[in-house]
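Novice: In case you want the letters, here they are:
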Amino acid sequence: VNERLHKCIRAGLLIGVIPASVLLATGVALHILKPESSTVHIPLPGVLRGIPRMEPASFLSLGILCLYLTPVLAALAGAAVFAQQRDWRGAALTLAVLSIIALSICLSQR
Amino acid sequence: VEFTLALLGIAFVAGGFGALLGVGGGFIVVPALSLLLGVPMHEAIGSSITAVIATSSAGATSYLKRNYVNVRAGMLLEVPTAIGAVAGGLAAVSVSGKFLQGLFAVVLLYISYTMARSRDSDAQVYAEIESESWMAASFNEPTTQTEVSYVPLRAPLAMGVSILAGAVSGMFGVGGGIVKVPVMAAIMSMPVRAAMATSTYMIGLTGAASAFIYYSHGFAPPAIAGPTAIGVLVGARVGSKVFRRVKPKALVLLFSALMFFSAVKMALEAVR
Numbered sequence: 004v005n006e007r008l009h010k011c012i013r014a015g016l017l018i019g020v021i022p023a024s025v026l027l028a029t030g031v032a033l034h035i036l037k038p039e040s041s042t043v044h045i046p047l048p049g050v051l052r053g054i055p056r057m058e059p060a061s062f063l064s065l066g067i068l069c070l071y072l073t074p075v076l077a078a079l080a081g082a083a084v085f086a087q088q089r090d091w092r093g094a095a096l097t098l099a100v101l102s103i104i105a106l107s108i109c110l111s112q113r
Numbered sequence: 229v230e231f232t233l234a235l236l237g238i239a240f241v242a243g244g245f246g247a248l249l250g251v252g253g254g255f256i257v258v259p260a261l262s263l264l265l266g267v268p269m270h271e272a273i274g275s276s277i278t279a280v281i282a283t284s285s286a287g288a289t290s291y292l293k294r295n296y297v298n299v300r301a302g303m304l305l306e307v308p309t310a311i312g313a314v315a316g317g318l319a320a321v322s323v324s325g326k327f328l329q330g331l332f333a334v335v336l337l338y339i340s341y342t343m344a345r346s347r348d349s350d351a352q353v354y355a356e357i358e359s360e361s362w363m364a365a366s367f368n369e370p371t372t373q374t375e376v377s378y379v380p381l382r383a384p385l386a387m388g389v390s391i392l393a394g395a396v397s398g399m400f401g402v403g404g405g406i407v408k409v410p411v412m413a414a415i416m417s418m419p420v421r422a423a424m425a426t427s428t429y430m431i432g433l434t435g436a437a438s439a440f441i442y443y444s445h446g447f448a449p450p451a452i453a454g455p456t457a458i459g460v461l462v463g464a465r466v467g468s469k470v471f472r473r474v475k476p477k478a479l480v481l482l483f484s485a486l487m488f489f490s491a492v493k494m495a496l497e498a499v500r
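Chains as they are written, first to last, in the numbering used here: chain Y, 4 to 113; chain C, 229 to 500.
Treat the hints with care, since some could be wrong.
[To be verified] With a straight-line Cα cutoff of 30 Å, these simulated DSBU-like cross-link-like pairs (lysine-lysine) come out:
1. 469/C with 293/C
2. 326/C with 10/Y
3. 10/Y with 293/C
4. 469/C with 326/C
[As the list claims (entries may be wrong)] Just a sample of chain C residues kept apart from chain Y, beta carbon distances all over 12 Å, derived:
5. 294
6. 311
7. 345
8. 373
9. 381
10. 392
11. 469
12. 496
13. 497
[What the hints assert, rightly or not] Heads up, incomplete: computed chain C residues facing chain Y, CB under 10 Å, no partners named:
14. 231
15. 234
16. 236
17. 322
18. 323
19. 325
20. 327
21. 362
22. 429
23. 457
24. 470
In short, the hints are calculated from the structure, not lab data. A virtual CB, placed ideally from N, CA and C, is assigned to each residue, including glycine.
Take the sequences, apply the hints, and build the full model.
Specialist: Listed below in structure tokens is the structure:
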């Protein structure tokens, strides 16, 4: 029972952490080439805009956000397995944690 | 370029230690960024949260594969922990950097003291096992090659203390593992290895609960948080591999001494 749960959470972590690593590594390499353009903070809605122009700050910010969403993705995978196994206590607790994170995102945008 | 390379190096060391000790590495990242590289306290904390999530994500994959993580116990404790983390994050962005630095020094001193006094609980006996318990789990202890089965106990008390773990994490940009590991090992009677691995998994979720608050306030600058996260990712990967072969006690003492030194330095900076 635990094996399937662990496997799916692990898959969720890898699905998030691999693109995050690629984006961050690309961003760090671009930042070393043009360091002056990486210091700006990019608000959430504007993160994707600098990607076509190969702006390091955009790659780094997108990588950071991917990283933030990695544990969320893993927890979603865990909740799905809990629900599939009819472990409603596990599913409810995981969804409660995800709701708190969602609330935090909403509060941060105010 | 030198600054970025220094960031990468510090983050690599922090990630390795974080995975080894199940504490997320933030207790090394924040003082290192603030004291060694002069990064403002709020930005050091925001970058550290990013690093803490990276440590958790990289370290937990390895521990999940080896069955060390108790996901059910982790989710039970994560509900109050995440609430504490959001509250801690909101509080941190509304106080001054100097104030945070002073508080951080106090927390570091406490950590240094508790880690130096902690006992090796590998010798605990887990005889009375109720295999029907919802949180019951087992794993293979690599140092002795024996199957360790256990049932986490006293969940309500552990949940209450976990709010503090979350608040510490959200306010100081650390994983909160320094509270989570003792809660699981001492209060819930979980084996140290399972407590550290479960803490590593939980740390990512705790970090995510406050990370967006720091990001939105501009306290996770891409040029600092990005290289820090990459260095920590690589360090955590190496650290989690070493974790299987070492007894935690020697590392705990080394970490304790390092924390004491950082606490004194941070306190001096805060009153300057």
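Novice: Going through the numbered hints above, which ones does this structure break? Give me the numbers in ascending order.
Specialist: 2, 4, 5, 6, 15, 17, 18, 19, 20, 24
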